[in-house]
Amino acid sequence: MAITKTMTEGAPWKHILKFSLPVLAGSLLQQLYNTVDTIIVGNFSGQDALSAVGTTGSFAFLFLAIAIGFSAGNGVVVAQHYGAKDEKRVRENAATGILFLMVLGLLSAVIGIIVARPAFTYLLNVDRSIIGLTLVYFRWYCLGLLFQFGYNIFSSILRAVGDSAATLYFLLISSVLNIGLDVLFVAVFKWGVAGAAVATDISQLASFMAAYYYMKKKYPVFRFKLGDYKWDSERIAATVRIGFPISLQLIIVSFGLTFIQRAVNGFGKVMTASFTVGQRIEMYLNLPCNALQTTLATYTGQNIGAGKKDRIKIGVRQAFIISLLMTLCISAMVSIFADKLILLFGLDEQATVYCLAHLRAVAMINIVLSMYIPLFGVFQGTGHSGIPTIVATCALGIRVIVVYVFRYSSIFGHTIIWWNGIFGFGLGFMITWSYYLSGKWKNTRFSR
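Numbering-wise (numbering that gives the first Met the number 0), the sequence shown opens with residue 0 and increments by one.
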């Protein structure tokens, strides 16, 4: 593979838009699946099943955080060498990254199954009436973690070489298959939460196989032989150095959300069901800034490898505008159509009231996220991935504190469940931009 097409030449905004749109579309597809999955479970298995699936989200995200973080770390390493047009190191780091992630995926599956009961019983304080359904769903879900880890590393490598469109196709396959299997297993066969989890596992396997076949067929450099998968400690260290802070950031977010979920569960299963639906819809608000973060990590990594730091600041300005405009559009739509969206999920009257208030609050608050999350990609692409971890820790720490301080107060009461972001995201905005404007991120850490 002769490395010719990179993001190091031409108008930055064109590269950013061309790369980010497939990432955004893929994330949208994935979120649409999650939404449809919730609708199917809520309407065909009942509100208790909906609560059971929803309450696993924050804990399941712990394992997804490991997959995303270390895959992204390996992707940055590959992107830097791709920008430097070093084909040999692109191949070596990709092969090592695949082996590393597959091992992590297997370990995560085993650990998840073992710790499920104590985690949901004591850590998450899940209502006793739904603990059985929660464990059934989560343990079946864990069986697909190996494929989830494999898919994430394949996708990260493809994005590192600028091929974000391919991941869209894989997610399309996965989402369509998942929805079809959900209807079959949950609505037709009446397998309940187990059917929903098995549908997810099968679709993850399909996207894993599709990504593997595509990489092997399109890119000769990625046609690995068994001997190419080497446990190279130095290359793994490079992936861990960048990927661990990313995973840690996401794990901290997951733990924080776990404590928020615990507070939600304390208000009863009606609030849990409402929060489950609210979070499903809220995720749409975060899609643009997350897509721009992924884009800027690759864009920055390639330009660092090519020695073109000046292009990074230009890209940041243009990505900021794109992120803000996209988020404003989605926020407006969520605010306008919130009541109609909620009707799809089969909530009762009280849960609907909670959910409507939730969505109208976060539609405004999450605009702040669009103004600083994309910068995380710059820090990751230059090897400063610890900064987003610090920001996430501070922001989420504040959110958890205000939830527990004000949840029974006369000032907020239960509404702090959805208003807490105004405190955390505001702090995150200030810390992120302070570090970016300081210019310390320019001290690049290039990987072998």
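There could be a bad hint or two in this list.
With a Cα cut of at most 25 Å, we get these calculated SDA-like pairs of lysine to any residue [said to hold, decoys possible]: (1) K215 to A205; (2) K224 to L98; (3) K307 to R90.
Just so you know, the hints here were simulated from the structure itself, not pulled from any lab data.
| message | If you test the structure against every hint from before, which numbers come out violated? | response | The structure breaks none of the hints.
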